[in-house]
Structures are given as structure tokens and as C-alpha cells.
Amino acid sequence: MDLKGIANNPMNKFFESERKRFFEPDAFFTQRVMAQLDSAKKVARGQDFGFWDIVPSSTRPVLALAVMLILCFVIVEMFIPQYPQRGMVESFLEPEQSPTESILYTDIDVPSQDLLQQLIEPED
Amino acid sequence: MDFDRELIVRAQAGDRSAHETIVNQYSAMVFRLVSRFFRNREDVEDIAQDVFLKLFARIDQVRPDENFPGWLARVTVNTCYDELRKTRRRKEAIETYGPEIAGGQTVAPREPDSLGRARQALQRLDAKLRIPLVLKEVEEMSVEEIAKTMGLTQTNVKVRLFRARKKLQAMLGGPEGDSQ
Numbered sequence: 001m002d003l004k005g006i007a008n009n010p011m012n013k014f015f016e017s018e019r020k021r022f023f024e025p026d027a028f029f030t031q032r033v034m035a036q037l038d039s040a041k042k043v044a045r046g047q048d049f050g051f052w053d054i055v056p057s058s059t060r061p062v063l064a065l066a067v068m069l070i071l072c073f074v075i076v077e078m079f080i081p082q083y084p085q086r087g088m089v090e091s092f093l094e095p096e097q098s099p100t101e102s103i104l105y106t107d108i109d110v111p112s113q114d115l116l117q118q119l120i121e122p123e124d
Numbered sequence: 001m002d003f004d005r006e007l008i009v010r011a012q013a014g015d016r017s018a019h020e021t022i023v024n025q026y027s028a029m030v031f032r033l034v035s036r037f038f039r040n041r042e043d044v045e046d047i048a049q050d051v052f053l054k055l056f057a058r059i060d061q062v063r064p065d066e067n068f069p070g071w072l073a074r075v076t077v078n079t080c081y082d083e084l085r086k087t088r089r090r091k092e093a094i095e096t097y098g099p100e101i102a103g104g105q106t107v108a109p110r111e112p113d114s115l116g117r118a119r120q121a122l123q124r125l126d127a128k129l130r131i132p133l134v135l136k137e138v139e140e141m142s143v144e145e146i147a148k149t150m151g152l153t154q155t156n157v158k159v160r161l162f163r164a165r166k167k168l169q170a171m172l173g174g175p176e177g178d179s180q
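Chains as they are written, first to last, in the numbering used here: chain A, 1 to 124; chain B, 1 to 180.
Derived from the structure by calculation, the hints contain no laboratory data.
Keep in mind that this is a model prediction, so the values were computed, not measured.
Take the hints with a grain of salt, since some may be wrong.
DMTMM-like mimics (lysine to aspartate or glutamate), calculated; alpha carbons at most 20 angstroms apart, straight line [what the hints assert, rightly or not]:
#  : chain 1 : residue 1 : chain 2 : residue 2
1  : B       : Lys128    : B       : Glu144
2  : A       : Lys20     : B       : Asp113
3  : A       : Lys42     : B       : Asp60
4  : A       : Lys20     : B       : Glu42
5  : A       : Lys20     : B       : Glu140
6  : A       : Lys41     : B       : Glu20
7  : A       : Lys42     : B       : Asp15
8  : B       : Lys128    : B       : Glu140
9  : A       : Lys20     : B       : Glu139
10 : B       : Lys158    : B       : Glu140
Just so you have them, the derived chain B footprint on chain A, three or more residues with Cβ under 8 angstroms [as the list claims (entries may be wrong)]:
#  : region
11 : 14 to 20
12 : 26 to 32
Every residue gets a Cβ at the ideal spot worked out from N, C-alpha and C, and that includes glycine.
One chain only, chain A, in its complex shape (with noise of 0.2 angstroms):
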């Protein structure tokens, strides 16, 4: 069962239209493959991709200026010692405090064994 063997096959002549119909890559077809190349591998060397890489350029001096002031923020925390807060109410309460009081408010000290039972102690 050959197609070349039967006349007026509509399929021969098919084949040899087709024979001539081929496209051709163009001059750019090259440069098109090595770019897809590239960031193919790109892509499978995923750990090269850094923090920066997935920020674009335009915004990476002011997200830099953001993150440098956060670390000093941080920094500058961690090295002021930390005051009991004082607000609105306790402001007003103050003169009205006595030491030992104060003491119970707003100091964060642990108060001694001797004070703490003088506090507990009621008051005459």
C-alpha cells in the first residue's frame, strides 16, 4: 500500500508541496535562545538570587535609607535601659504617692522581702 502508487493520489502532491514549505530562523532566532538560555539558568540557580536582586533599581536607595534606620532604632534600643512607662494618669498620681507606693507603681525592681512585708502590713 504505497501513496506514490495510486494515480492521481490528491496525497502526492501534497507531500510535494509540503517538501517545499520550510521556514527558516531568522538573524535573531540565536540571540533569542541564548537570552532564554540565560535566564533559564538564572532562574535554576535560584540561590544566586539575592535579597537586592528582587528589588528594582529604582527604589533601593530609599528601601537602603529604610533599613539602615530601622537597624539604628534597633540598635539604639537595645542599648537605653528601659524606664518604667509613666503616663498621664501616673503623672498626676505622683504627688500623691508615698515612696513605697511609687515603689509598687511603677518600679520594675524587685522590692526586697523586708519592704514587701512592711507594704503588706496594715497601716495603723
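Chain B: place on chain A using the hints.
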């Protein structure tokens, strides 16, 4: 052959200029082979690019003393086969679930000429029958070459060619079709 061997060794070592030389040297062959199965230039170009990306991803599997053009032809034909199967599935999905023409009226297609009928008949063939037939009749490959390219036995290729021809004749109303 020596040139190919050296080129493959360099490409396997990751030499960018070797990759570029391979694309330059073999892109015409890949384009011609892909053109046998696809009629749209954009499709041909996309598939040819895909072939080279697959080639460089698996370049380590190529033995330098192997017939490199044959290996590349095999990658090309396999890529075309995958794409034809995908296209067929998409077409079936569109035919099954696609929007119906308003009012149920269809536009009668223009009666194709003999070449058009032949093209339509070939496109209706399953990819596993169509590919060996096109390689035989258009690329004028021998059964042995087709077997190597498609990774089949020669007997299997002959069976597929026989079935493809029989189906085509039935579709085009040849001796097989007339007798029914």
C-alpha cells in the same frame, strides 16, 4: 564529526560560545523538521526554542561520539509529538465545551480543494501515525532512520506507516474508502 565531538564536550562544560555555535549550526535543521508538523511561523519558532532549551538542559546525556544531529532530531520529533498531543486535546476541549454558535446556525465551510482535503485528512490523523508518515513521505527518511528518531522498532514503524496510509485512503475516498 570531530568538530561535533569537540563542540559537545565544550557545551557540556558550560561554554556559552559552544551553545551559541550549536544553535547557529542546527537551527535551520530544527526549523525544517518542526515546519513539517506546524504551519504557523510563531508556533515553529516557539517549538524550536523549546527544543534548544531541552537540548541544553540534557546536554550531559549526549555522548560525544554519538550521532549528534540524530539525537537532536529525536529531541525535536519528541517535542513536536508532545505539542501535537496538547494541541489535539485543546481542540477536542474547544469542540466539546466551546461556545455554541448563536441560534444553532453554522456557517458552511468553503469546500476545500484537493490539497486542502489532503491537509485536513493528515491533520485528523493521530500524532503517533502522522509523525512517521510525514517523516517518510516529506522528510524522505528511511524506516531505519524513523525508528531511530522515534525510538521505535522498525517493525513498529512499518505497522504505523501501514495504518496511517490505510486511514488516509479511507478519509480521502481511495480504494479502501470506495469499497465500503
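Here is what the structure says about each hint:
1. B/Lys128 - B/Glu144: holds, 16 angstroms
2. A/Lys20 - B/Asp113: This hinted pair holds, its Cα atoms lying about 19 angstroms apart.
3. A/Lys42 - B/Asp60: holds, 18 angstroms
4. A/Lys20 - B/Glu42: The given pair, whose Cα atoms are some 19 angstroms apart, holds under the 20 angstroms limit.
5. A/Lys20 - B/Glu140: This hinted pair holds, its Cα atoms lying about 13 angstroms apart.
6. A/Lys41 - B/Glu20: holds, 15 angstroms
7. A/Lys42 - B/Asp15: holds, 16 angstroms
8. B/Lys128 - B/Glu140: holds, 17 angstroms
9. A/Lys20 - B/Glu139: Holds - the C-alpha atoms of B/Glu139 and A/Lys20 are around 11 angstroms apart, at most 20 angstroms.
10. B/Lys158 - B/Glu140: holds, 14 angstroms
11. 14 to 20: Per the Cβ count (5), the hint holds.
12. 26 to 32: holds (count 3)
Violated hints for the displayed structure: none, as all numbered hints are satisfied.
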